[in-house]
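Peer 1: Construct all of the structure, not just a fragment, from the sequences and the given hints.
So the sequence lines, in the order shown, correspond to chains W and U.
If you use this note's numbering, the first sequence corresponds to residues 1 to 83, in order.
If you use this note's numbering, the second sequence corresponds to residues 1 to 83, in order.
Check each hint, because a few of them may be wrong.
Straight-line C-alpha distance at most 16 Å; calculated EDC-like pairs for lysine to aspartate or glutamate [stated by the list, open to error]: (1) U:K56 with U:D29; (2) U:K2 with W:E75; (3) W:K56 with W:E75; (4) W:K4 with W:D29; (5) U:K2 with U:E34; (6) W:K2 with U:D29.
Below, a sample of chain W positions facing chain U; criterion: calculated Cβ distance under 10 Å [to be verified]: (7) S3; (8) A20; (9) I24; (10) A27; (11) D29; (12) D31; (13) Y37; (14) T41; (15) L63; (16) Q66; (17) V67; (18) F68; (19) N71; (20) L76.
It is worth saying that the hints were derived from the structure and are not from the lab.
These numbers come from a predicted model, not from an experiment.
Just so you know, even glycine gets a beta-carbon here, dropped at the ideal spot from N, CA and C.
Here is how the chains run, residue by residue.
Number of protein chains: 2
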Amino acid sequence: MKSKGIFYMGRGDCGVCIQAEQAIVQALDRDRYEVEYVDLTDRPERVAEAAAAGVKTVPALVLDGQVFHINFGAELSALELAS
Amino acid sequence: MKSKGIFYMGRGDCGVCIQAEQAIVQALDRDRYEVEYVDLTDRPERVAEAAAAGVKTVPALVLDGQVFHINFGAELSALELAS
Numbered sequence: 001m002k003s004k005g006i007f008y009m010g011r012g013d014c015g016v017c018i019q020a021e022q023a024i025v026q027a028l029d030r031d032r033y034e035v036e037y038v039d040l041t042d043r044p045e046r047v048a049e050a051a052a053a054g055v056k057t058v059p060a061l062v063l064d065g066q067v068f069h070i071n072f073g074a075e076l077s078a079l080e081l082a083s
Numbered sequence: 001m002k003s004k005g006i007f008y009m010g011r012g013d014c015g016v017c018i019q020a021e022q023a024i025v026q027a028l029d030r031d032r033y034e035v036e037y038v039d040l041t042d043r044p045e046r047v048a049e050a051a052a053a054g055v056k057t058v059p060a061l062v063l064d065g066q067v068f069h070i071n072f073g074a075e076l077s078a079l080e081l082a083s
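Peer 2: Listed below in structure tokens is the structure:
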């Protein structure tokens, strides 16, 4: 069974998010990991879920229940305010 | 040909580094990426190389020439001082 990862990003035009998505997420072994992409600007109803998982900034990758903040695009609180 | 990645970590007992190594680096597709591990505490002579690549904090993963700072373990400057 594949492990599930969730990649939270800010807005579609967040350059830092796109860079992380293209390099790191695309480099993951797809035979072992299934990654869901969640743009919190488009899906503000999932901000609370991301916060509960421990996400503080985007882009962030949640893998096997652990949160990895990759570089810095935006604070989660800024996305909450924008939504 | 495989792409080369370099994973810079701080000291062997840096919990944040180990967590990132175990989850993200181990999840990379080894058919496409070859990852070198560099503990800058053990290899202080490579701090300058990491800094030149754009690494500011560890753990950091340099993939295809791009630097990804993953969570936060230590400032590179702190490692320089320690070495």
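Peer 1: If a hint holds in the structure, say so; if it does not, say that too.
Peer 2: Hint by hint, here is what the structure shows:
1. U:K56 with U:D29: 25 Å, violated
2. U:K2 with W:E75: 34 Å, violated
3. W:K56 with W:E75: 6 Å, holds
4. W:K4 with W:D29: This hinted pair holds, its Cα atoms lying about 12 Å apart.
5. U:K2 with U:E34: 6 Å, holds
6. W:K2 with U:D29: Holds, because 14 Å separates the two Cα atoms, which is no more than 16 Å.
7. S3: 8 Å, holds
8. A20: Interface hint status for A20 of chain W: holds (6 Å vs cutoff 10 Å).
9. I24: Hint holds; I24 of chain W Cβ to chain U Cβ min 6 Å, cut 10 Å.
10. A27: 5 Å, holds
11. D29: 4 Å, holds
12. D31: 8 Å, holds
13. Y37: Nearest chain U Cβ about 16 Å off; hint violated.
14. T41: At 21 Å from the nearest chain U Cβ, T41 of chain W fails the 10 Å test, so the hint is violated.
15. L63: 5 Å, holds
16. Q66: 5 Å, holds
17. V67: With a closest approach of 8 Å, the V67 of chain W hint holds.
18. F68: 5 Å, holds
19. N71: N71 of chain W check passes; min Cβ-Cβ to chain U is 6 Å, inside 10 Å.
20. L76: It is violated, given that the least Cβ distance between L76 of chain W and chain U is near 15 Å, above 10 Å.
Checked against the numbered hints given earlier, this structure breaks hints 1, 2, 13, 14 and 20; the rest are met.
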